[in-house]
Each structure stands twice: as structure tokens, then as C-alpha cells.
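The lines below spell out each chain.
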Amino acid sequence: MIRKIMVADDESDLLEMTLLRLKKTGYDAFGAEDGREALELARQLLPDLIILDIYLPFIEGDELAKIFKKDEKLKNIPIILISATTQSLEKKARECGADGFFLKPFDPADLVAMIRKFVPDGA
Amino acid sequence: MTGKDKQLDAAGELRRQAEEIFRKKAASVPEDLVNLPPEETRRVLHELRVHQIELEMQNEELRRSQEELSAVRERYFDLYNLAPVGYFTVSEPGLILEANLTICNLLDIGRGALEKRPISQFILKDDQDIYYRHRKLLFESGEPQTCELRMMKQDGTVFWVQLDAVFAKDLGGMSVCRIVMSDITGRKRAEEALRESETRLRIVADFTHDWEFWINPNGGFEYVSPSVERITGRSVSLGTRAEEFMRLVVHPEDLKLVLAHLQEQLACHGSGDLEFRIVRPGGEERWLSHVCRSVSDAQGQFLGMRGSNRDISEHKKAEKELAEVKEMQFRTLIDNLPSKVFLKNRNSVYMVCNENYANDLGIKPGEIDGKTDYDFFPTHLAEKYRIDDKRVMESGETENLEEDYSTIGGFLNNDQKKIINTVKIPVRDNVGNVTGLLGFFWDITARRSAEELLQESENRYRSIFASSRDAIMTIEPPFWKFTSGNPATMEMFKVKDEAEFMRCEPWQLSPELQPDGRSSAEKGKELIEKAVREGAQFFEWVHKRMSGEVFFSEVLLSRVDLGGKAFLQAVVRDITERKTVEMEIRSTEVLKISAESKSRFASMVSHELRSPLAIIQGGIDLLTDGLCGDVTAEQKKILDMSQKGVERLGRLINNVLDFQKIEAGKMEYDIRDHDMKRTVQEAAESLKFLSAPKGLELRLEFGELLPKMKFGKDSIIQVLTNLVSNAIKFTSKGSVTISVQRENNEMHVEIRDTGPGIKSEDISRLFQPFEQIDLEKGRSKGGTGLGLAISKEIILAHGGRIWAESEIGKGSTFHFTLPIQDSGGGV
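Protein sequences, first through last, are from chains B and Y. Residue numbering for the first sequence follows this note's numbering, starting at 1 and increasing by one per position. Residue numbering for the second sequence follows this note's numbering, starting at 124 and increasing by one per position.
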């Protein structure tokens with residue numbers, strides 16, 4: 001079964017690039033461009049892993065992570081927090097219960113390596 | 124010695140004298156006596172002779188006695204006739220038997236006409252009864268009689284006499300009456316006048332409105348005028364003790380006073396006056412004014428007290444009303460005075476104050492009675508006020524004082540301290556003794572402050588004038604010459620002193636022409652005229668110092684009118700300096716602004732740079748990894764170069780952020796116990812990927828006994844990475860050595876390379892941000908220009924030092940030290 005990964009990022013180009021990378025790697029990746037969309041998709045599609053940018057319209061990434069971690073159906077889904085801002089990234093990641101974090105720009109290979117730790121690719 | 128003895132003595136004396144005389148004559152006794160027996164004869168003869176002489180002497184004595192007696196009789200006769208009282212002898216039937224001359228004179232009648240006439244003829248008919256009654260009594264009882272009656276002279280004049288009569292028998296054994304008659308007309312007239320006067324007075328007293336009285340020495344009423352009833356509403360009978368009556372009528376509050384007065388007057392026989400109240404039976408109160416005087420007779424015998432009590436109730440009432448009106452007027456006056464007013468007694472105890480003062484003290488005016496300054500003022504002030512009071516009261520002279528004023532609780536309007544002007548006036552009683560003090564005072568804080576402000580202002584302007592960096596000078600008409608200049612003027616124009624400055628012509632202090640090509644003299648004159656006409660002129664000007672140096676200035680030329688004289692004041696500022704300062708200020712402001720916004724700016728930049736960088740990175744990776752199709756060798760090379768650019772940009776962003784954090788003091792170092800040797804080894808390990816491709820040897824040297832010590836491991840690795848990667852970067856062959864030694868309380872780390880070395884003039888700039896980029900061409904190898912600056916900040920933040928040494932052609936050595944704390948244990 002192909003593993004589903006949801007990526008939420010308001011930078012549409014970066015989102016598309018990340019999704020392309022994940023799809024090429026063999027994941028079923030889908031994206032959301034704001035917090036509300038991310039929340040809705042996650043509840044509908046129940047991904048195997050979630051990548052959240054901290055800055056998201058409507059609901060910020062770390063807030064979203066807190067919501068997921070309290071949701072019975074979603075709380076076991078690994079979450080990776082990404083941000084272009086070093087400021088308190090680690091702290092925020094810890095506080096919202098994320099399972100990992102990356103500072104942009106990140107080496108996509110490193111990201112894939114981390115994803116594999118949580119979700120072996122379905123291929 | 125009795126009378127008889129005297130007589131015997133006298134007789135004895137006569138005999139003795141007679142015998143002595145005979146003895147003297149005996150010598151001449153004739154011889155015929157010889158017939159007798161001579162002895163006998165001689166004796167008889169002697170006896171006879173002595174006797175004869177004795178008789179002669181007695182004879183002489185008798186004659187002398189008779190003469191004396193006659194003189195005495197004459198004297199008595201004169202006395203009888205010329206005595207001031209009359210003597211006459213009257214027979215039992217009343218006929219005058221004899222009378223002396225005085226009687227004749229009194230009755231104005233001759234002695235002959237008087238004798239054998241009845242005495243009753245000379246007595247006034249009305250008084251003859253008195254005479255007869257007394258004559259009868261005299262002859263019946265034989266007792267002496269005295270009476271007073273009126274007698275009549277021959278011409279009908281009546282006069283008063285006192286007759287004192289005694290019973291006697293005359294030579295013939297007939298009963299007679301001897302009478303002494305004294306003229307008492309004078310006394311009687313006085314008595315009568317007195318009686319008349321007394322009656323008149325009594326009438327006056329009886330009808331007076333005042334309560335007149337006479338108290339006898341025993342304290343009983345001798346006389347009380349009927350008005351006592353009208354005044355007191357009570358009657359008093361004569362003889363009533365005054366004290367008793369007074370107890371009945373006098374107001375209880377005044378009784379003590381009245382009784383004391385009464386007793387004193389009766390005891391001391393003085394005089395006095397008094398005002399007291401009585402209470403009438405209905406309870407009505409009346410005021411009485413009392414005067415009294417002791418009365419004594421001519422012999423000084425005390426007769427009692429004569430006094431008068433006047434009802435002064437109406438007067439008192441009017442007086443009280445007047446006093447009330449006056450009091451009200453006075454009260455209104457003092458309460459409306461802008462000054463504070465108070466009255467103190469001799470002991471500086473307040474009696475009265477006005478409303479204005481009471482307000483200050485936070486009390487009502489009535490509440491001040493009995494208070495002292497200690498109740499209202501801080502001790503030091505209260506003491507001062509009382510010392511002043513004492514001095515004024517003792518000297519009796521009014522004083523005008525300027526003093527501090529503040530109450531214990533502060534004033535209602537919260538002004539803590541004021542300055543007041545006080546006038547203290549001694550208050551005297553009727554006899555001139557100082558009994559207290561009247562004070563007026565008013566607030567002069569504002570006035571004082573105004574004075575102080577003026578003084579302050581003057582000082583300020585004086586000091587501005589003296590210490591201003593601007594040249595301040597005055598220029599006066601009609602020739603517009605300098606009349607004064609401050610020290611800055613001398614300094615600015617390089618003039619020796621003010622005297623020399625005042626000798627200068629204004630044109631001497633400007634170049635011939637101003638920058639616009641106009642003559643300084645002409646343009647200056649124009650500006651002066653404009654300033655005089657229109658007021659202050661502000662302009663830029665080119666001045667010339669006496670040294671010849673020309674400088675730009677700003678001039679404020681103002682017209683000043685002072686004491687009817689107009690002159691100009693010029694303030695000249697050398698703007699060469701000001702412009703420099705202005706530029707400094709401007710750049711400082713830019714720095715300040717950037718410092719404030721740097722954090723926000725850096726944060727924004729990092730985000731905005733990283734996101735697109737992440738897109739590029741993602742794209743390069745997709746292509747490089749062949750996920751979008753095969754990549755040719757050439758394409759791969761291009762992608763690698765792009766990748767390096769992305770990495771460098773990422774490092775730059777990180778360094779910029781780090782540096783900004785350090786500068787803002789926001790860098791957190793996470794300082795804990797670490798092992799320096801291991802840290803260096805770790806850093807070196809991660810850098811081998813740089814040294815190995817260039818064939819450089821990365822050597823590590825460790826001293827012995829390196830202790831554990833406190834430092835931020837990540838940041839020290841960052842420093843080591845910076846320094847070592849630089850060394851590797853700039854060294855093409857040879858080695859890079861990291862040496863770690865303990866030196867006393869410091870850990871000393873050296874990074875030596877065998878590179879080209881750094882020019883000494885560049886070494887000082889090495890640790891400045893972005894300096895590396897400007898170094899010699901070819902050295903700009905992917906550095907951000909911030910590495911050394913960040914390293915320096917990290918080392919300084921740890922309390923260490925960082926520096927570089929270099930010799931061109933031989934290589935460079937970068938040093939840093941970190942302090943070793945005592946808590947660190949050995950390895």
C-alpha cells in the first residue's frame with residue numbers, strides 16, 4: 001500500500017517541488033496551501049505522515065500540529081515541522097509535539113531520510 | 124517738809140540773823156550796865172538787841188508781803204474783768220449783783236446800768252423758760268447747771284451763750300449763783316448752717332435716682348435713700364447690716380467682689396469705685412456703678428462710709444451693643460484682610476486669629492484660643508517664632524521679619540514651604556505694660572521666587588554669555604562698532620582680548636567678498652539696516668579670523684532695546700564644526716535606526732531568502748538525483764556549481780543571522796562543562812573533508828592535563844570551524860595545526876597555517892565584519908566576511924581573547940584563549 005504524505009506550505013512553488021520529490025521517491029503526496037485546508041484534508045484522507053510549514057494562513061503549522069496531536073484519529077501520525085525562520089523553531093517543534101523539524105533550505109535527501117525513519121516507502 | 128516746818132525754819136532763821144546783828148553791836152554796850160552783875164547785864168542787853176533786830180526784820184517782811192498781796196489782787200481783778208468769758212453773780216431772785224467787764228462788753232452796757240437789774244431782762248423771751256428752769260434747779264439742788272440760750276444786746280442783737288452756773292454763799296451768807304457766760308454764737312451758727320445743709324442734702328439724697336447710703340463704722344446702714352427700692356426692688360431699714368443686704372441683692376458672681384470691697388473700705392477708710400450686678404426679685408439683672416468714700420470728723424474720728432450706687436444697666440447695654448458692633452466690624456475687617464492676623468498673650472499663647480490664618484492652620488478661628496506655635500509648626504519654626512515674640516514684647520518695639528513658614532501637616536494646597544513677611548506689634552494695657560503681641564503676616568513666596576528667578580535668569584544669561592561656544596557681541600550705532608564680545612568671540616576670531624576686539628572694524632572680520640560675489644561691507648551694512656528696521660535677521664556669512672583663516676558661519680543679528688538705547692546683538696556660530704557634528708548625528712541616527720530594525724530585518728531576510736533558496740535547492744536535487752531524467756556530465760557540473768552557490772548563500776544567511784543575534788545580545792551559548800580536547804577533535808574530524816582534497820595535513824597538538832571547562836560547545840566548534848576552514852582555504856600546501864595548551868588559568872588554542880600570510884596593516888581589520896571580502900584578490904573564496912567577526916564575538920562573550928599573527932610568506936597563526944574556571948575538574 002502506497003503511503004500517503006500531506007505537505008502544507010503557503011509557498012506554492014516550494015510545495016510543488018517538495019510534492020514532486022516525494023512522488024518521485026514513491027509516496028502518495030498531496031498538499032495544502034493554508035491551515036484550514038490542511039486540517040480538512042488530514043481529517044478526510046488520514047495521511048501516514050504530515051509535513052507542516054510553521055507559517056500558514058488561517059492556522060499556523062505548530063497550532064495545527066497541536067490540534068492533530070489531540071485528535072483521536074490523527075494523533076499517531078508523525079509530524080515534521082519546517083520553517084525558513086530559525087527563531088524558536090526547535091522550541092516550537094518540541095512544544096507542539098512534532099516528531100521532527102527542518103530549517104529551510106533543507107537538503108531534500110535529508111528530508112527523505114527522516115521520512116523513511118517514520119514511514120518506509122510503500123514502493 | 125511740811126508747811127509748818129517751813130514756818131519754823133523761817134522763824135529760826137530770823138532769830139539767827141537777829142542774834143548775829145546784836146553780837147556785832149555788843150562791842151559798844153555802855154559801861155552803866157556794869158551795875159548789874161556784869162554777866163547778867165551783858166546777857167539782857169544782848170537779848171534786847173537781838174529782839175529789836177528781829178522785830179525790825181519781821182516788820183520789813185510784813186510790808187513786803189502786803190505789797191505782794193496787793194499786786195496779786197490787782198492781777199486777779201484784771202483777769203476777772205478782762206477774761207474772755209463773762210462772770211457774774213446773781214442773787215436768788217435773779218438780780219445781777221456783780222459782773223465783770225466782759226459781761227458789759229457782751230451785753231454792750233455799762234457796769235453801773237447792769238447791777239441790781241434782773242438777768243431775765245437780757246434773755247430772749249423764747250429762751251427765758253430755759254433760764255428759769257435751770258435757776259430753779261440750781262437753787263433747789265445746789266448742783267451746777269449748764270444751758271444754752273439766746274441773749275439780747277441793748278440794740279436788740281441776739282447772740283447765743285452758754286451759761287455754766289454754780290451755787291454759792293456770799294459774805295453775808297446769802298445764797299447766790301455765780302455764772303460763767305460764754306459766747307457760743309459762732310458755734311451755733313455753724314451748727315445751724317450744717318443742719319440746714321444736711322436737710323438740704325437729705326432732700327437731695329431722698330429724691331436722687333441713685334441709691335445713696337451711709338454706712339456707719341459698724342457696717343450698718345446709717346442712711347439709705349429711698350431710691351434703693353426703685354433700683355433693687357427691695358427696701359432696707361436703717362441699721363440693717365450692709366453685708367446682709369448686699370448678700371440679698373448682689374449677683375452671685377459679683378458678690379465676692381462686692382463684699383471684699385465693703386470690708387476693705389470699712390477697715391481701711393479709703394475710697395473706691397466698682398461696677399457690679401444686682402438681681403431684682405423678678406430675676407432681672409441690673410448693672411450698678413458704685414463709688415464710696417470714707418468720712419471722718421475734724422478730729423479724724425471715722426464716721427463711716429458714704430456711697431452712691433448708680434443704675435448703669437442701660438449704659439451697660441448700650442456699651443455692650445456698641446462693643447458687639449465694634450467687635451463685628453473688627454472681626455469683618457480682620458477676616459477680610461488679605462494678611463493673616465493673630466493676637467497672642469504675654470506667654471505667646473494664641474488668643475484670637477482671623478479666618479485667613481485659621482484656614483492655613485486647618486482650624487476654625489475660634490479654635491486657636493489657648494494654642495501655641497508648637498501645636499501648628501515644626502519645632503524649629505515654633506521656637507524661632509517664640510524667640511521673636513519674646514524679643515518684641517521685651518523691647519516693646521515693632522519688628523518686621525522675613526521668615527520661613529510651613530505647618531506640621533503641610534498646607535491645604537500642599538505647598539510645603541512658604542516665605543512670609545511678618546509684622547509683630549507689642550500690645551500694651553492702659554498703663555503701658557506690654558500684655559501681648561499682635562501679628563500680621565503675608566505670603567511673599569511668590570515675590571521671593573520672582574526675585575530668585577530673576578537672579579537665576581540673570582546668572583543664566585551671564586553664564587551663557589561667558590561660556591557660550593557661539594560668539595556673542597554687541598554692535599552699537601552710530602558707527603556700528605563692536606562694544607562687547609564674549610570669550611568665544613575672541614577665540615573664534617583669534618583676537619587677543621576684548622579691548623583688541625573693540626578696536627576692530629567689522630569689515631576686518633570678513634573677507635572682501637561674500638560667496639555671492641557681493642562686497643562684505645556693503646552686504647553687511649544692508650543686513651544691519653534691515654535688522655534695525657525689521658528685527659532679527661538670520662543668515663549665513665563668511666567670516667575671517669584675524670589669523671586670515673576664512674570660515675563659514677551662521678549669524679543671528681537682533682535688535683535690542685535697552686534703557687531707551689537701541690543696539691544690535693550678533694550671535695555668530697562657526698558652522699564648519701556644526702556641519703561635521705550634524706553629519707555625525709545623521710550617521711549615528713542611521714546606525715540607531717538600523718540597530719533597532721536589524722532584528723526584524725534579519726528575520727525577514729532570512730525567511731524571504733531561505734524560501735526561494737529551498738525551491739532552488741529542491742530543483743537542483745531533483746535534477747541531480749536523476750529523478751527527472753538522465754543528466755549529462757556537463758549538466759551535472761552546472762548543477763554542482765549551482766548547488767555550491769545555494770550552500771554559500773545558506774551559510775551567509777546563517778552567519779548574518781548569528782552576527783545579528785550576537786550584536787543584539789540574543790545569542791545563547793548553552794555554557795556547560797565540556798572537554799576541550801574532544802571538542803577540537805570533533806571539529807577537526809568534520810573539517811577533514813576540506814583539508815583532505817587539498818592534500819593538506821590537519822594536525823592536532825594537545826598539552827598535558829587539560830581540564831574540563833565551561834563553554835558553549837556549539838559556538839566554540841563554530842569558532843574552530845571558522846578559523847580552521849579559513850586556514851585550509853588559504854593554504855595551498857603544507858599543513859594546518861590546531862594546538863591546545865593550558866596556560867595558567869587559560870586554555871590557549873592556536874590555529875597555524877603555512878599559507879601566504881597577512882599583511883600587518885590588514886591584521887587589525889581581520890575581525891571587522893565583511894573585511895575579508897576586500898582582502899587581496901583570490902582570497903575571496905566562498906567566505907561570508909562574517910566568520911572572524913562572529914568568532915571574535917563568541918570568544919569575547921566567553922571572557923576570552925582572540926588575535927592573529929602573521930608573517931608574509933610563512934603563514935598565519937590565529938589564537939584564542941578561554942578562561943578556566945575553578946569548578947572544572949581534571950581529565
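Derived from the structure by calculation, the hints contain no laboratory data. We treat Cβ as the ideally placed atom computed from N, Cα and C, and that holds for glycine. Check the hints yourself; a few may be wrong.
Lysine to any residue pairs mimicking SDA-like chemistry, simulated, CA-CA at most 20 Å apart [unchecked claim]:
| no. | chain 1 | residue 1 | chain 2 | residue 2 |
| --- | --- | --- | --- | --- |
| 1 | Y | Lys882 | Y | Lys933 |
| 2 | B | Lys24 | Y | Asp748 |
| 3 | Y | Lys759 | B | Ala109 |
| 4 | Y | Lys760 | B | Asp107 |
| 5 | B | Lys23 | Y | Lys933 |
Cβ-Cβ distance ranges computed for the label pairs, FRET-style [said to hold, decoys possible]:
| no. | chain 1 | residue 1 | chain 2 | residue 2 | range |
| --- | --- | --- | --- | --- | --- |
| 6 | Y | Gly788 | B | Ala109 | 34 to 42 Å |
| 7 | B | Lys91 | Y | Leu919 | 23 to 31 Å |
| 8 | Y | Gly788 | B | Lys91 | 37 to 45 Å |
Hints, verified against the model:
Restraint check: the Cα-Cα separation between Y:Lys882 and Y:Lys933 comes to about 11 Å, which is no more than 20 Å; the hinted pair holds. Our distance criterion of 20 Å between C-alpha atoms is met by B:Lys24 and Y:Asp748, whose separation comes to about 10 Å. In summary, the hint linking Y:Lys759 to B:Ala109 is supported, as the alpha carbons are separated by about 17 Å, within the 20 Å threshold. Of the pairs offered as hints, the one joining Y:Lys760 and B:Asp107 holds, with about 18 Å between alpha carbons and a cut-off of 20 Å not exceeded.
Under the criterion of a C-alpha separation no larger than 20 Å, the hint pairing B:Lys23 with Y:Lys933 is inconsistent with the structure, at around 55 Å. In this structure the hint that Y:Gly788 and B:Ala109 lie 34 to 42 Å apart at CB holds, the actual value being about 37 Å. Between B:Lys91 and Y:Leu919 the Cβ separation comes to about 26 Å, which falls inside the hinted range of 23 to 31 Å. Remark: the range hint 37 to 45 Å for Y:Gly788 to B:Lys91 is contradicted by a beta-carbon distance near 19 Å.
The structure fails to meet hints 5, 8 from the earlier list, while all remaining hints are met.
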